[in-house]
Amino acid sequence: MSRHGIPHNSWTSLSIRTGSLLYLAVMVILPLVALGVQAAEPGPWAFWNEFTNPFAWHALKLTFTTALAMVAINAITGTATAWVLVRYDFPGKGFMNALIDLPFAVPTVVTGIMLVALYGPTSTLGAIMGQSGFAVIYQVPGIILALLFVTYPFVIRSVQPVLYEMDRAEEEAAATLGADDWTIFWRVTLPTLWPAIVTGSALSFSRALGEFGSVVMVAGNRPLATKTGPMYIFGEIESGNRHGAMVVSVVLLTCSLGILIVLNRLQRRGDESHGR
Amino acid sequence: MVGKPRFGSLGRSLLILAVVGWFALLILVPSLALFRAAISGGVGAFWRALTSPEALTSFQLTIGITLIATVVNTVMGLLLALVLTRHRFPGQTFVDGLVDLPFAVSPIVAGLMLVVVYGPNGWLGIPLNAIGFQVVYAWPGMVLATIFVTLPFVVREVVPVLREFGVDQEEVAYTLGAGRWRTFRKVTWPSIRWGLAYGVTLTVARSLGEFGALLVVSGNILGRTQTTTLYVHDSIESFNTEGAYAASLALAAVSFILLIGMESLRRRVAIREGTE
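Protein sequences appear in the order of chains A and B. The opening residue of the first sequence carries number 1 in the working numbering; numbering runs sequentially from there. The opening residue of the second sequence carries number 1 in the working numbering; numbering runs sequentially from there.
Read the hints as simulated data drawn from the structure, not as lab findings. C-beta: ideal position from N, C-alpha, C; glycine also. You may find that some hints are simply not true.
[Said to hold, decoys possible] In silico contact screen, one side only, chain A against chain B (beta carbon under 7 Å); selected entries:
#, residue
1, Ile-73
2, Ile-233
3, Ala-245
4, Val-251
All chains should be built: construct the whole structure from the sequences, respecting the hints.
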């Protein structure tokens with residue numbers, strides 16, 4: 001392959017390559033294929049029946065609507081947060097910047113416990129909110145809150161580097177030409193930022209589809225009310241309906257994988273058009 | 001140009017206030033609520049809950065699983081990163097995407113996949129059971145689940161560093177007769193160690209906090225061996241809230257320390273990339 005370089009056809013290279021690829025095959029491909037094969041085995045009709053079973057359908061619908069609600073909020077707050085962290089100085093900025101990734105470090109179960117400790121029926125705040133009809137825990141808003149917590153860093157960490165590297169010359173040119181701040185933001189800044197916003201949003205959406213640990217703590221597990229897709233899968237495993245669990249798993253997995261593949265393609269195309 | 005007045009100074013102050021307020025409300029307040037709830041019964045009660053036999057056993061299991069998963073994924077991740085950047089073989093792009101797959105899989109689905117493969121009727125479960133080796137519903141399954149969900153971290157951190165660093169220096173060293181191992185130790189290793197350390201820290205954080213996949217592979221056995229996250233979950237289910245809060249606070253504290261480590265490592269990686 002290379003003229004003077006390290007030969008990659010030697011015994012050592014070959015065994016490293018074989019070993020690591022075999023590891024990947026056993027750890028990743030095998031479980032994926034096994035799930036796909038066993039979900040499809042009873043035939044397309046059985047698959048369809050499990051998919052459209054009202055309980056599964058509702059759980060999937062809840063997962064998608066809560067994830068969409070989370071993305072709508074995170075896309076805006078995440079962009080604003082990245083903007084403030086890059087463009088402005090204020091006391092406590094370093095502290096905040098260091099803690100942005102906290103949701104990635106904290107175990108999801110602990111996130112759930114935190115929310116229960118704050119908003120749960122036994123806490124002061126939770127009791128007040130419950131009495132005034134704004135109960136969060138064991139309700140749909142609690143699910144959205146948990147999703148907002150666990151996906152908090154995605155949009156921020158995706159937009160921040162773009163803002164750092166952005167050439168301010170265009171914004172300044174627009175200002176010189178008499179454009180007001182909002183026009184500059186909409187016409188100049190946002191068009192540069194939106195691929196990063198979309199990437200961060202898509203990553204957080206994909207993550208939200210599969211979120212379990214935090215949601216199971218705050219959702220209350222009521223079928224046809226607060227039971228999300230992953231909770232439904234777990235429930236079906238527990239009650240012995242493994243095929244139902246596999247069908248919903250395949251649906252969720254296909255969506256998350258689809259998002260990641262599309263993102264990967266877009267990124268690769270973006271890199272090429274930038275001549276990288 | 002940081003701090004150049006835009007959006008007027010009132011608008012800017014309001015935006016900063018909104019962003020910091022949202023961060024405080026979403027991330028900080030729940031963290032403090034957990035702290036308060038954990039020590040609400042006094043430090044003595046907190047300490048007793050933290051050092052109960054069940055909690056201590058769960059800490060041991062979590063540390064053990066984390067150690068094994070981290071060692072396996074550090075070694076295999078490093079090899080995979082080397083193969084992906086230094087070797088050339090058919091299907092390389094596919095393998096590159098495959099490494100990220102565990103990120104797209106819900107923890108619950110990951111657990112289900114392992115049950116499908118290694119369970120009593122699984123493709124590998126049948127032969128393994130025949131030789132008396134039980135994977136699912138026992139600790140090897142928990143280790144396997146943790147390895148699965150943390151597989152991408154080390155690869156993802158090391159691959160970009162290796163790409164950036166290039167092969168030139170390695171080839172020079174090799175041509176000068178340094179030998180394969182010495183080339184790695186003296187040339188490659190110094191350039192990747194901080195990226196590797198970052199990936200390892202992410203692996204440890206995720207291993208300590210994994211919950212959904214472990215819940216599925218450990219089965220719903222009364223008095224099952226519990227990792228700390230499972231202990232938190234089961235404590236809530238059995239109304240042992242002191243135990244759940246105490247163990248959660250311990251997990252949160254460890255993840256906080258890991259986060260600080262991650263931040264300083266990230267700065268080192270950034271400095272390294274900036275100066276070279």
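Against the structure, the hints come out as follows:
no.	hint	verdict
1	Ile-73	violated, 9 Å
2	Ile-233	holds, 5 Å
3	Ala-245	holds, 6 Å
4	Val-251	violated, 10 Å
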